[in-house]
Amino acid sequence: MNPYILATLLFGLGLGTTITFASSHWLLAWMGLEINTLAILPLMARHHHPRAVEATTKYFLTQATAAATILFASTTNAWLTGQWDILQMAHPIPTNMVLLSLALKIGLAPMHSWLPEVLQGLDLTTGLILSTWQKLAPFALLLQIQPNTSILIFLGLTSTLVGGWGGLNQTQLRKILAYSSIAHLGWMLLILQFAPSLTLLALLMYIIMTSSLFLIFKLNQATNINTLATSWAKSPMLASIAPLLLLSLGGLPPLSGFMPKWLILQELTKQDLPLAATFAALTALLSLYFYLRLSYTMALTLSPNSPTGTTPWRLPHLQTTMPMTIFTALSLFMLPLTPATIVLLTF
Amino acid sequence: MTPVHFTFSSTFILGLTGLAFHRTHLLSALLCLEGMMLSLFVALSLWSLQFNVTNFSAAPMLLLAFSACEAGAGLALLVATARTHGTDHLQSLSLLQC
Amino acid sequence: MTYIVFLFLVGLVLGLIAVASNPSPYFAALGLVVVAGMGCGVLVGHGGSFLSLVLFLIYLGGMLVVFAYSAALAAEPYPETWGSRPVAFYMMVYLLGVVLVGWALWGGWYEGSWVSSDEMFEFSVVRGDVGGVAVMYSSGGGLLVIGAWVLLLTLFVVLELTRGLSRGALRAV
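Protein chains in written order, with the UniProt record's numbering: chain A, 1 to 347; chain B, 1 to 98; chain C, 1 to 173.
Any given hint might turn out to be false.
[Stated by the list, open to error] Stretches of chain A that chain B covers, calculated by requiring three or more beta carbons in the stretch to come under 8 Å of a beta carbon on chain B: (1) 38 to 51; (2) 64 to 72; (3) 77 to 85; (4) 115 to 127.
Don't read these hints as lab results, they were simulated from the structure. Idealized CB from N, CA, C, for every residue including glycine.
Could you put the whole structure together from the sequences, leaning on the hints where they help?
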């Protein structure tokens, strides 16, 4: 792709999210979402491979439907209450419609089935953009509406369940990452109505952890579990760190992925929802199972190999490793920074 | 709920239903999307006309511009899919499921 | 005038049913043209002459392009029209659904809700929607810039998506 066009498209991605962040009017928010969708399409179909084109088509259809439904809901709100302001969306029917279409946009559980397929068709860099940057604008809108709490909890619990359950049977890393994204988004939605700053915290931690995982997989050029089995030969240090990273994604205590899960469970218990908290914690075990399986193939076994296959670590990497280093360090050692992070994200 | 409100709501929901349930051709899906956008255009214009908010009349024009962009991108994807898959049937978009 | 607007509203719903009931794309595009025409009528009935002109000239022009695309790419030997059985079935189902929902909401429609509000147009030089659209050139300039920029972006998007004849694996066209 021509670098000028690439720059234009990346600028479009940034501009769309910024417009949605800055808007208080639903039409402008919708425009930002549309610009975002349009700008990422050529990046997704960059290689013109049949899989990439198919993923782009599916992504376009879902995103266009979701965006149109958002605008329809806000128009209905304007007809019913005469109000276009995002923060003042009062009528319950349009509010819940917006919630459902935003759930379709970010891929929450009953509307999730496009996400694994789309992510499977992309290369890892675009997949990274899709699962981090593209979630920001819908979350900015989600934080501003006041939907029905029981629908939110339903969406959250089904997402954590489907995200854990769907990933159990996968051998493709991108699909596993997609299901892990669904599960994490479910955790964020569970707490959305009670403590929005915890939603932001969980989103931040998810973005950090998934970025480092995507970058590590990109360095290893791994797209399924088989390839992970020889990743120790490519970069021994990463092969020993990546299991810790996966466990951090699963939410085990000394690592920083524990922070959002801990706080969300505590807040849910405080809000007198012990059943929801227990259910979410139990579904996290399902996710933990397939993270553990990845760790197992990555670091705890040595697959039989020829001597020439075990020497790629002698070759220098062409990828810049600085972002990966930063993200990995953050996603392993951020737990002591919990109070500072919460203070930073409370609004 | 006025009759006008009922009309554009039902047209939008009909378009959404068609997009969700009937998808033989990609082009049919895109046409349903266009129908949804058209009913949104009518809704926005009628809102500004009925509530006498004339400053809002620019919004349907912008909506039309954005929906034209969307239709353009959708048709480009139609061309790309016809190139890679040989047809525009949505059933043939099954490379990614497993 | 009220009756004509009412007829246009019914035509709008019927046109969308014709699009949504999954006929072949030729006929769906034809249904969309009907929808656009009916939408123009509704807008004129409510006093939005400029917006209806925009819809008629620009949107129907765009629809003709879609129509050409559909004729080129989705040519089928035996297209499904509205007379064929599954399409007719869905049309009946949708029509029944709309009528039932409308019947359930009938009690909420009051007498004044049929009147299109187009007041005081005798006193103004331009109609309201013309003035409103012209605001885009003054205080709504930012939105105009965004609209122009997204059109430019779409040009690049379309060009990037449709190129790549020399790359990739399977090439049917």
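Hint check results:
1. Only residues whose beta carbon comes within less than 8 Å of a beta carbon in chain B count, and the stretch 38 to 51 of chain A has 7; three or more means the coverage holds.
2. Given as covered by chain B, the stretch 64 to 72 of chain A passes the check, having 6 residues with a CB less than 8 Å from a CB of that chain where 3 are the minimum.
3. Coverage of the stretch 77 to 85 of chain A by chain B holds in this model, with 3 residues showing a Cβ closer than 8 Å to a Cβ of that chain against a need of three.
4. Counting residues of the stretch 115 to 127 of chain A whose beta-carbon sits less than 8 Å from any beta-carbon of chain B gives 4, enough to reach three: the coverage restraint holds.
No hint from the list above goes unmet by this structure.
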